[in-house]
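K.L.:
Given next are the chains, with one letter for each unit.
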Amino acid sequence: MTMAMAGTMTGVAPNEALSGPQGKKPRRLFDPARILIYTVLIVAAIFYLFPLYVMIITSVKDIDAIRYGNLFVPTGSPTFEPWLKAWDYACTGLYCEGLKVGFWNSVKITIPSVIVSIAVASVTGYALAMWPYKGANFFFTVLLLGSFIPYQVMLYPLVIITGYFKIFSTLWAVIIIHTIFGMPILVLLFRNYFVSVPQELFKAARVDGAGFWRIYAQVLMPMSLPIFVVALILQVTGIWNDFLFGVIFAGTTNFPITVQLNNIVNSLQGVKEYNVDMAATILTGLVPLFIYFVSGKLFVRGIAAGAVKG
Amino acid sequence: MDSSVNIRELSVSYGTVKVLESLNLDIGRGEFIVLLGPSGCGKSTLLNCIAGLLEPSTGQIFIEGKNVTWEEPKDRGIGMVFQSYALYPQMTVERNLSFGLRVAGMAKEEIAQRVARAAEILQIQPLLQRKPMELSGGQRQRVAIGRALVRDVDVFLFDEPLSNLDAKLRSDLRVEIKRLHQRLKNTMIYVTHDQIEAMTLADRIAIMKNGIIQQLDTPHAVYNKPVNLYVAGFIGSPTMNFFKGNISDSSIAIDTLNVPLNAYQFEKPAGANVEGVLGIRPEHIAVGEEARKMPVQLESEIEIVEPMGSETVGYTKIGGQAVTFRCSSDIPLEAGQKVMLGFDPARGSVFDAQSGARL
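Note that the protein sequences, when read in sequence, are chains R and Z. According to the numbering used here, numbering within the first sequence proceeds without interruption in unit steps and concludes at 403. According to the numbering used here, numbering within the second sequence proceeds without interruption in unit steps and concludes at 439.
Hints are not guaranteed to be accurate.
Stated by the list, open to error - Here are the computed distance ranges between Cβ atoms for each label pair:
#1 Z/R263 - R/P114: 35 to 45 Å
#2 Z/N244 - R/V288: 12 to 22 Å
#3 R/V288 - Z/E151: 39 to 49 Å
#4 Z/E151 - R/N230: 20 to 30 Å
#5 Z/I292 - R/G239: 23 to 33 Å
#6 Z/R263 - R/N230: 26 to 36 Å
#7 R/G239 - Z/Q203: 33 to 43 Å
#8 Z/G145 - R/G239: 20 to 30 Å
#9 Z/S251 - R/G116: 33 to 43 Å
#10 R/L318 - Z/K188: 46 to 56 Å
#11 R/L237 - Z/R263: 47 to 57 Å
#12 R/Y244 - Z/R88: 52 to 62 Å
Claimed, not checked - Example chain Z residues on the side facing chain R (calculated, C-beta under 10 Å, incomplete):
#13 D155
#14 R156
#15 F179
#16 L181
Don't read these hints as lab results, they were simulated from the structure. Note that this is a predicted model, so its numbers are computed, not measured. Even glycine gets a Cβ: it sits at the ideal position worked out from N, Cα and C.
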């Protein structure tokens, strides 16, 4: 009888102390698994950060301090002269104007090719995903194939083609080539993202009377910010870090920053200025680094969204 | 009744697969038509064709007397509500509602007026400044209906609008859609696979299978006089009981049981010695005392009892064939119990076993 009562009521009286495990399972602060994880993480972090540390402390030493040895010890009297020299008057081949020329060349190359390639690729991906036409799949396959062909194969034909159009040795050649070569991977990226957007949304917009461009600009684009950020990061870092196309197609006065960095570091005249080399290298890496820091969070989100639904 | 939507010889095929075949359908002005069928029967395809989102292979579509076969969706005078709501995620409810009107370049005052009216009808005024993410499923579907409402169209198209909602909300919104139809008196075409939605909402139901309309009639007629075995089996839950037997001399012999069909109204004369199927709805089988008043009576042992609260569903066998019956929950039933069952064959349906057609 009492058993039955307890069963139909609450089971255990509310004020009675509960015995046995209850609530959150307690965790030890230093359990072995956790110690192992943190150890690995810290070692990995040191492994990656140590070269950067050496670069930074070396870049603010003067040449005597470097000659003195002690690679890992920071100098007592830091100087920013190497940074100034790297930026303003280090010699790259025949010219002694520092990295700044290459920096602005890289900016001039990166901005238009990033904007144009993302604009064209996103519209192409949108058309492939939402407005399938006869042969769309064939076109997509051809594009995909394009991303597997090594660049080196196309260098010679490209030299001929740019020569024919009289843009060889100009910034235009580099810009156009970057724009075109970014296309396969970007179109793939955008198409896969847009395919995951529900078709019904697109249908609803058509019933509402929106056309190709309006659906793209007012419906699709506002909800696709993460994938645009992913594309932006891919393109900015890819184009900024490019060496091959820059060295071949830009011409000596238009070299991008990567090529100039190489010329500074590998110049064989006089004393090897490690401090200037280090400063120049850090300067070159600043732009991609900046992009990563600003949009890292969005980048991860975009990659994840594309991966899960694509 | 003058017609609002006419479909003439409409066919749709993907490669060699024919989804719709020479389909004809006339829908009256202000009528609520439900397209009902299992998935893959072509009902959504038909709706998308009417909306202009899908091109038919052959055939014509008229809306309000105008041939719209080649028209864009926006020029057809239709509004559409989708299963997944399909709200624009980055726009507020208000912007969602007004999007179509802004695209059409309507004056701001007019837009505000229409949005206010739709919001009032659907009681979503407090939600106007929210984004779809901040709404519940029922609220989202209301906004989606509102988006069709503001466009002031002749024909509303619903593509399984309630399928993503939970049971309670579904029945609430079902009533609301019915109320909306009574208030607006627009033509509505509603696609669903839920027969309760079909029965409760429709003026006429079109039951589809393999791209062909099997029966187009009022819910009452579809339920009580199904034209073939497929419709009979599809409509009704639990499913209609089917007894196979041999028809001769206005009676059907089911196993050892001879069921007289004198009172049954044949649609077409059945020949002698035809293999037939007698269909009896579970609720038309009487139990206990009631059974003794029925023309056909027999005793049977109950196998399973399902008390539903308002009624009880029992499972048994007659002549070796599984039988379901529904009765009042007041009648005490238990598995293993022997009870009297009875039914009136005149209330049943008789089909030709070969063609499946109603006799």
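K.L.:
The structure should be examined with respect to each hint, and the outcome stated for every one.
P.N.:
Quick rundown of the hints versus the structure:
1. Separated by about 59 Å at the C-beta atoms, Z/R263 and R/P114 break the suggested range of 35 to 45 Å.
2. Checked against the hint of 12 to 22 Å, the C-beta distance between Z/N244 and R/V288 comes to roughly 21 Å, which is consistent with it.
3. Restraint check, R/V288 to Z/E151: a C-beta distance of roughly 28 Å breaks the suggested window 39 to 49 Å.
4. The given range of 20 to 30 Å is respected by Z/E151 and R/N230, whose C-beta atoms sit roughly 28 Å from each other.
5. About 46 Å separates the C-beta atoms of Z/I292 and R/G239, a value inconsistent with the hinted range of 23 to 33 Å.
6. Range check, Z/R263 to R/N230: Cβ separation about 47 Å, and the 26 to 36 Å hint is violated.
7. The hint said 33 to 43 Å for the Cβ distance between R/G239 and Z/Q203, and at roughly 54 Å that hint is violated.
8. In this structure, Z/G145 and R/G239 break the distance hint of 20 to 30 Å, their C-beta atoms being roughly 51 Å apart.
9. Here the CB-CB span from Z/S251 to R/G116 is close to 40 Å, well matched to the stated 33 to 43 Å.
10. About 28 Å separates the C-beta atoms of R/L318 and Z/K188, a value inconsistent with the hinted range of 46 to 56 Å.
11. Restraint check, R/L237 to Z/R263: a C-beta distance of roughly 53 Å satisfies the suggested window 47 to 57 Å.
12. A beta carbon spacing of about 57 Å between R/Y244 and Z/R88 agrees with the range 52 to 62 Å that was offered as a hint.
13. With its C-beta approaching chain R no nearer than about 8 Å, Z/D155 sits inside the 10 Å limit, and its interface hint holds.
14. Hint status for Z/R156 relative to chain R: holds, with the closest Cβ pair at about 9 Å, below 10 Å.
15. The criterion of a C-beta within 10 Å of any C-beta in chain R is met by Z/F179, whose closest approach is roughly 5 Å, and the hint holds.
16. The interface hint given for Z/L181 is met, as the beta carbon of that residue sits about 9 Å from the closest beta carbon of chain R, less than 10 Å.
In this structure, the earlier hints numbered 1, 3, 5, 6, 7, 8, 10 are contradicted, and the remaining ones agree with it.
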